[in-house]
Structures are given as C-alpha cells and as structure tokens.
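Top line first, the protein sequences correspond to chains C and S. 1 is the number of the first residue of the first sequence in the working numbering; add one for each residue after it. 1001 is the number of the first residue of the second sequence in the working numbering; add one for each residue after it.
These are computed hints drawn from the structure, not numbers from a lab. There may be inaccurate statements among the hints.
To be verified - Cross-link-like lysine-lysine pairs, in silico, PhoX-like; alpha carbons within 25 Å at most:
| no. | chain 1 | residue 1 | chain 2 | residue 2 |
| --- | --- | --- | --- | --- |
| 1 | S | K1038 | C | K66 |
| 2 | C | K572 | C | K591 |
| 3 | C | K588 | C | K569 |
| 4 | C | K181 | C | K66 |
| 5 | C | K655 | S | K1038 |
| 6 | C | K588 | C | K450 |
| 7 | C | K601 | C | K591 |
| 8 | C | K66 | C | K23 |
| 9 | S | K1090 | C | K450 |
| 10 | C | K454 | S | K1251 |
| 11 | C | K655 | S | K1090 |
| 12 | C | K3 | C | K23 |
| 13 | C | K181 | C | K403 |
| 14 | C | K591 | C | K3 |
| 15 | C | K569 | C | K591 |
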Amino acid sequence: MPKDGGIGASTKRREDVRFLTGKGRYTDDINIRGQLYAHFIRSQVAHGTIRKIDTRDAEAMPGVVKVFTSADFTGVGGIPTGWQVTSRDGQPMLEPKHPVLAEGKVRHVGDPIAVVVAETLDQARDAAEAVEIDIDELPAVVDMKAAVKGGPLVHDEIGSNLCYDWGFVEENKAAVDEAFKKAAHVTTLDLVNNRLIANPMEPRVAVGDYEDHSGQHTLYTTSQNPHVIRLLMGAFVLAIPEHKLRVVAPDVGGGFGSKIYHYAEEAFVTKAAQILKRPVKWTSSRSEAFISDAQGRDHLTRIQLALDADHNFTALRCETYANMGAYLSTFAPCIPTWLHGTLLAGNYKTPLVYTNVKAVFTNTVPVDAYRGAGRPEATFQLERVIDMAARELGVSPVELRRKNFIQPDQFPYQTPVAVVYDTGNYQATLDKLLDLSDHAGFEARAAESKARGKLRGFGLAHYIEACGIAPSNLVGQLGARAGLYESATVRVNATGSITVFTGSHSHGQGHETTFAQVISEMIGIDASQVDIVHGDTSNSPMGMGTYGSRSLAVGGSAMVKATNKIINKAKKIAAHLMEASEADIELKGGKFTVAGTDKEKSWVDITLAAYVPHNYPLESMEPGLEETAFYDPSNFTYPAGAYGCEVEVDPDTGKVTILSFTAADDFGNVVNPMIVAGQVHGGLAQGIGQAMLENCVFDENGQLLSGSFMDYAMPRADDVPFYSVDHSCATPCTHNPLGVKGCGEAGAIGSPPAVVNAVLDALHRGGFTHVTHIDMPVSPSRVWQAMHG
Amino acid sequence: MHNFDFVKPSTIAEAVAALSHEGAQALSGGQTLIPTMKQRLAAPATLVSLTGIAEMQGVCLGDGGLHIGAATPHATVAREAKAHYPALAKLAGGIGDPAVRNKGTVGGSLANNDPAACYPSAVLASGATIVTNTRTIAADDYFQGMFTTALHDGEIITSVVFPIPEKAAYVKFDQPASRFALTGVFVAKYAGGVRVAVTGASQDGVFRWHEAEAALSANFSPAAVSGLAMESRHMIADLHGTPAYRANLVKVLTSRAVAAAG
Ligand SMILES: Cc1cc2nc3c(=O)[nH]c(=O)nc-3n(C[C@H](O)[C@H](O)[C@H](O)COP(=O)(O)OP(=O)(O)OC[C@H]3O[C@@H](n4cnc5c(N)ncnc54)[C@H](O)[C@@H]3O)c2cc1C
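Next up, chain C with everything else stripped away, as it sits in the complex (with noise of 0.2 Å):
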C-alpha cells in the first residue's frame, strides 16, 4: 500500500478544488486598472498584397486610442523560431520573416494587419469596421505538392515553397534501396495524417503591462512555458533583457501544444502598453482561435515496408511532406524530423530506416506541435503499414507484430534512426492488452455483431514515443535553439512546510498534486506541508516549461535533485544537533534518528535551527534551507504500450461505432495511477478525435471550411466509450531518479492507428476486401465510399 499522498497513492488533485469551484485564475480574469482593449483586424483572404491601410475614421471614432499597423513596428524583430534543420544538401532550412503585423502581404486567412486598441472592446470592433484595408488578392497555394512544383511563392524573397528537404538516416539511404530491392515483400501506402486544431477549452490571452518609472514589463499569457516566451519575446522581438520583463502564466486551461509558442499577439500587447503607457488586453474569441492558433499534424505520406520471406521486416522508408503553413511557428521544423523520424522503428528490430521529409509552405495557419507530435504521425503510418501487410501476407497482425518485436533481453536498444531505448517489454503490454480486451472472445462477438447486420472489427496498435525532452547537447546538435534540461527551487519554511517553485508548467496536468507527492515520499511529511508555485518568471528559476510528456521525467527530477541537497544538509543539522556522525543520519517518516541509537530529531527541529541557527555549525554551514537545481536528462524516456479497438460498423450508413477501448501502457513508474489514467483518458479522446471526427480543411483558395464547431467536430462524451486502461506493465525508465517516463501523450499517439485499424478489420470480415486504407477522420461518409465506391 502506497502512503497516503505519496508515491503510488491516487491522491485527489488538489488543484480541482478551485477549478471546479470557479475559483481558478485564468489569464482572462485579470484586468489592471487603466487597461485598454485590443482588437486584431485579420486577413480575409489566404494571399495578397497589401496596397493601402487607412485608419484616419476610425482613429477619430469614441473610445480609440490607436490603431497599428506594421509601420508601428519597425525596428521590431521577427517572431523567431527555435530551430532550425538542416536539409539533405548542407543548407540550413529557409527562415523567411514572421512579423509582428503583417508587412506588406498576407500570407494566411487570420494573419493580423492591423490592431485598433480603444477604451471597451466593443468600441475596438466598431472602429475596426472602419479600418479601410485595401488588398489586390493573389493566387493562393494550398496543395503541398503544388506548393513545391512552381506554385505560388508564400514568400517572394526566399523564392521556394521548400522550407528544407530533410533525410535521415542520409547515409542509410543506399542500403534501405537496396534492402527493398532484396525484399520477399514489400507494402505500400499512401495516407494522410489530417490536420487538426487544438481547442484547448481557454483561448489564448495577453495582457502587457509596463511601469514607466522602471521601465519594467509584465506579459501575462496563457502559455505552456512563460521562461520560453521571456527569452523569445525579450531577446529576439522587443529587445527587452530579462529583468526588465515578467512573464505570468498563471492558471491554463489546456495547450495541447497550441500554448508553447510565442505569439505575435503576446509581443504585441507588450509592445503596445509601452507605447501607449496603459496596460493592454487581448483576449481570443473562438473563431479567432481557429485562424490563429498554430495547428497540428498535416503530412502526406508515402510509407513502405520490406518484409523477408519469414516475415521478418527488413527496411522501412518513409517519404512525407509536412505542412509548415504561411509562417514557421517556434517549434515547428522540428515536429516532422526530430520528433517523428527518430521514431519510425517504433518497437521493431527492422534493422535500416531512411525518411525524407520536405517541409513546405503553403497559404495556410501556421502548424506546429500537437499533443503527440510527430510521434503519432510515425506511429500511425507504421501501425498502418504493418497491419496492411499482415493483410496481404495472409498473417496475423498481432502474430507479425509479436515476432518483429524488439525482445526483452535486448535492452538498452541501439535503433537504427539514432535513439537508444533504456527499457521495455513490448511482449508484456501486448500479452496484457489482449487478456483486457478478451481477445479469445472476438470471435464470438463478431458473429453476434453480424446476426444484428453490423461488421465488428478489432484493431491493434503498438506505440513507442520519446518523451522526457530532452538532452541539451543532443538536440543543440540536431538545431535546437534551446537547451531541454528543467529547474526546480526548494524552499524549506522555518516550521518545516515547504514551496517548490518549479520550471514546470500545469495546465491540467495536476502537477500540484503529484510533485507534492514526491517530496511527501522523500521527506516523510504529510502532502499538504508541501506547495507547488509555477508559472512567473519572477519567482521560479529559468525552466523550460510542460510540453512532450516531460514534466515528472525532467521537472520532477530536478526537484527530486533539489530535495536531495536539502535532505543532504538536513542530515548535517541533525548530525550536529544529536552530536553524532553525519553518516549514522538516517531520514524516515519525518524523522532524523542516528543509527543504533534512540536518538530522535523531528523535521521541524531541524528546518527550525536553521532558521533560527542558535545551535548551529555557523564557521562550517549557511543557515537556511533552500536548494536549486537543474536538471538535465541524459536520454529521452521511451513510453510503449499496446492499444486495442473494438469497432462495429453499420454497412448501410458507414457509421463506426467503438464498443470498446483498451490501453495497456508502460510508464515506468507511476506516482499517481488516477492521474496517470485521466491522462490517458484524454489522450484517447483526442486520438479517438483525430480518428474519427476531426478535420481541419482549407478550399483552394485557403478559406478555412471547418471554421467553427459547427463544421468542426471535436469529440463528445458519447463518442467515446469506457476505456479499460492498464499500467502495470512496468519496466522503470533506468536514467532518471523517479524511473518515470511521461504519459501526457501516450493515447493520442496510439489510438489512431488502433481505430483505423479496427474499422478495415471489420470491412474485411464483411466482406469489403478492395478497401485497403480510408484517411482520418474515418467518418461515416468516408467509410461508405470506400465500401461502395
């Protein structure tokens, strides 16, 4: 039995108290006296140049105090992007400008032009109709392939479409040719992984604040990462050095991903409240959110698989492009290279890999990382290729899975894309997926489903990810910007409660719950002696904030590093105050007690005399009790798991229906099992989201056509089945002090492939054999054309 708020126990979230009482404080609920509303006066069209803005009426109208536009902004860097890849040719990627408003074109249906900034928000919009914007439209490209092959240019003085053609493993590029030209097999297929838009439940917020006095700026903002933003916006945008600037996330009512990156509105109200020297608001509305926030996914990809006449596979390789957008987002090279191509052996010993990635521009909102990124769009062309050649091999998929499998005794793993894995057992999650999921009875479910005239399916997918990012030498090699290392500041009060201040950052993710279990654990005092504070750069070391499943596996072990030091000097205190060796110290349930002794010292005893150092070794110790450290992780963490999908499809409307869902995972060691399956729980949803429902869809003229939730489906409660989700199945990370791997992404990453998988077993079963693949999402249209197209 795990201690109650310790590791291992299903500690309630605290921090759900005031979520669900209306209590939390969200960026949207701070207001500043003085503050002035800001309006964005966007892009209607997907291309044109910009030939007139005019904003003499509406300067004159009640309540405006400005109205800017990018002559407002000269001087004033790009928004930059935080890495940077290097294509096949030695060239580093093209890197066109990303202004603050736009400069001259727009580029994207939602890219801002102008601002009108005035003393209520309605008095912002009325002027903003009369903002007189006169635009010569040009013709916009959209298609990827078509964006390479001479379209339109997004951007003139770069004169390509072709951000960078990427290869990797380049030198394995021969040697994969020559394995397809060897294989007893080979298996095609071209997909798409769908574009999606994020929707986190709170839309993106800014409020710039500036005291003219200091000459100091607070940004508050609904960001992910506030430290990333300070070092973005101060450094390359404004020119504003760090001390001079506060960034404030406060509460966050999700990211997904959409809340890393630095925003133009961000430098935008900083910019302004200096300027007009009275805070500045902004505050998205919902249809703004769809043309503005960066998006996710969008590859078309060509996969192949080489097989041996054992079915043994040989060789992958993997041609895709990946759309940028109008605009490189912070993190966006990276996504389709270094987060999916590190990932294409998935939980295979297929010995050579090669991927080429072209990542392309196009009249579109810019796209960057999802939840997931990149890895479930690896993840979901290789679960896809795999199955479809079991199909035509005539082989089982689990069985062809099971003997390509990396084996239990092959850890650490040396994959041929680069990354080694620390640990696993594939053979465990899949025997523990089909035990949940009563695979025996398939069968027997099927027939019943077909006595009523629906098609059941199972589906099977397995997942690898690399979360945990990530070693700082590592990615600076592969064009990070950034160092991926996380922080932590320990504050021991004088009565022996405790504040972590860490460079994590929660938005949903419940870590003021589990990081206050891991100090209850080390130290022995009760949870609620514990406090977590995030999100201000004004209180918490330079951190790199909650993205790619990194917060326990990186934030967590600096704290855990953090609290090592202070139980270290703790031990010192005790050993002087009990006269005895440090090294008889031992530390249990809160207590110092000295090693063949009744000698006794209480926590607050100790957290006492240092701050009030009375009896203390003042000549060789500083009082006090507070620790920093930084951590920086030597490896990714590798979470895998086996995924499970039970569909019935009805023939005559094509509409899927899951009956059921099954999550087998291994995590490592997990320090809150409900938090661990309510992260799982959500990352099915969007998953299931992605497989089923959601599509974001530009025409050709780069009008956005599912923009809004009418057009857009997000998943439902009652699209989603009772999941069964398991984690038992644990082989603990080897190289991080908690031996955990991160779960933030796991479902969203595996589904997927499980649900499409599903849906083409059952139209098999029906008798549907020419349908080889449908693209997501799977709706009940696309599933009827491919059964009677």
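Start from chain C and add chain S with the ligand according to the hints.
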C-alpha cells in the same frame, strides 16, 4: 455585437406594430439570431421578443390537430406533445442540447428554414398549417428553398397546426460536428396516404419524396422503398458527405423511419 433596443410586447398586435419600424427584427429563442449578431453578421436596430406573448405559447389539441404556439421551446414540445404526437415530440427532444431546447422555438426554426433543421421535415410530412398574424399557409407552399420561406417582411408565425397521423417516425442522422441533420427523414401515415419529407439532403431545402410516398401508401413496409432510386443530382456536397452519400441516407433513413413507425 452592435448595440440594439429591446422590446418585449405581450400581444401579437403590439409585436406587429413594433416590427413595422425600420430595422426591427423578431427574436424568439435567439439560438440562431444571437450568434449571428455576435459575429456581427446581423445588426438589427430593435429586437422584438416574441416570448412574452401568451397566445404564442403552449401545446394543445384543437381543430385540425395539435396546435403549437410558435414561441414554444423545443423542450416543451418534447414533453407536452408526447401523448398526442410522439414522433413530433421525439424530434423536438433530439434538437441540439438542453440549453438549445429550452430556448429555441418551433417558430424560430420554421422562420429560419435552415436546410439541415429538423422541424421543417415534420411540418412538411404532416401537411401542417403555418398560422401567421395575417393568414394561414399550407406546408407545401411555405418552404421555398434554403433559408427561404413564404413569410413577408414583418409577418409573424403565431402557431403551427399539425394533423395527427396514424403512424409516424423521424429518423435523424447526425452531422458529426453540429449534430444538425446530415440527413433526416420524417414519415407520416394518414388515412389519405403516406407523406415523406427529407431534410438536410437537398440544395433546395426540405422536400417531399413523392415516389416513396406512393410506394409506402401502397405498402407501408421498410422493404417498399428498397427498389426506389434516389437521385443525387440536387443533393448537398460538403465536408460531411457527398451527394451520393446523402442520396443513400435518404433511402436508408426512410426505410428505418417506416420500421420505427411500426
Ligand atoms: C448548438 C445548437 C444546436 C442546434 N441543433 C439543432 C438541431 O439538431 N436541429 C434543429 O432543427 N435545429 C437545431 N438548432 C437550431 C435551433 O433549433 C434554433 O432554435 C432554431 O433554428 C431557431 O429558433 P429560435 O427560436 O432560437 O429563433 P431565433 O434565433 O430567435 O430567430 C431565428 C430567425 O427567425 C425569426 N423568427 C423567430 N421567430 C419568429 C416568428 N415567430 N415569426 C417570424 N419570424 C421569426 C427571427 O427574426 C430570426 O430571423 C441548434 C441550434 C444551436 C445553437
């Protein structure tokens, strides 16, 4: 949203008078009009609320069938029509979500005539009568294509009279995002014959499927429609379905509606 004036009359005559002013527009449940105003796509100078007019509320049996006040919310219809016209009650109970059903009204839905709305199919399949402040309009004359009706400017729907069928059912296939009808079919069997009305499918809005009506009038069974062909020429093409897919749904849903009607 732009600023506007708001009046809430208590009689139809007052409402008609208020609507005669330039820029005035009727407001019923606001489930369509308010979002349009928030997007600044509509900017009426005055909103004339119809929800305070007692005569326009409620569900009751009367001459010619079931009378439903035009300002009656869907939730009330779902509850109160159940005993008299269960298929209509079920349709009302399947619109939107509880908030939409508690605010949105039958009159608003019919005045708007969204091509994917549910009510128009019930009105057309039932051969219902639209009663306005000046006249009565037969269902067959009322619907004139997407978002277009026989209503004049300033004319108010006050109630709708539904003849009660022997058997009826509405089967709706949800559009995955909006959960309006991707296609919906209402089948109603009367002594004089069967009427079949289809919503969500056609570029011309709600329509009657006459071939199915003839086939079902001769033989009211799900199999009766299986041999019929549904043309896809005028069907809607959008993100959620091709014309061929919608044509297929019309057939499938019609036979399911017949089965459900029993
Ligand atoms: C989330 C959501 C989901 C929905 N799902 C569905 C669905 O599944 N199926 C479906 O059928 N509908 C659906 N609707 C629409 C809903 O039924 C609305 O209630 C209906 O379209 C409009 O009715 P209202 O009373 O809200 O009209 P209002 O918005 O008040 O008015 C709509 C229009 O009708 C005019 N008008 C209103 N009443 C009268 C009258 N008595 N005489 C003349 N003109 C009048 C108004 O001037 C306005 O132009 C949904 C709506 C929402 C917001």
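Proposed proximity, C:K591 with C:K601 (alpha carbon, max 25 Å): holds (6 Å)
S:K1038 paired with C:K66 [C-alpha distance capped at 25 Å]: holds (24 Å)
Holds or violated: C:K591 to C:K3, with C-alpha atoms at most 25 Å apart: Roughly 16 Å separates the two Cα atoms, so the pair holds.
Restraint check for C:K588 with C:K450, where alpha carbons must lie at most 25 Å apart: violated (61 Å)
25 Å Cα cutoff - pair C:K454, S:K1251: With a Cα-Cα distance of about 18 Å, the restraint between C:K454 and S:K1251 holds, given a limit of 25 Å.
Pair hint C:K572 and C:K591, alpha-carbon separation not exceeding 25 Å: holds (14 Å)
25 Å Cα cutoff - pair C:K181, C:K66: Violated - the C-alpha atoms of C:K66 and C:K181 are around 66 Å apart, more than 25 Å.
Pair hint outcome, S:K1090 versus C:K450 [Cα-Cα no greater than 25 Å]: violated (29 Å)
25 Å Cα cutoff - pair C:K655, S:K1038: violated (34 Å)
Proposed proximity, C:K23 with C:K3 (alpha carbon, max 25 Å): violated (29 Å)
25 Å Cα cutoff - pair C:K588, C:K569: Measuring from Cα to Cα gives roughly 15 Å; hence the hint holds.
Hinted pair C:K66 and C:K23, Cα distance within 25 Å: violated (34 Å)
The structure fails hints 4, 5, 6, 8, 9, 12 (numbered hints given earlier, in ascending order).
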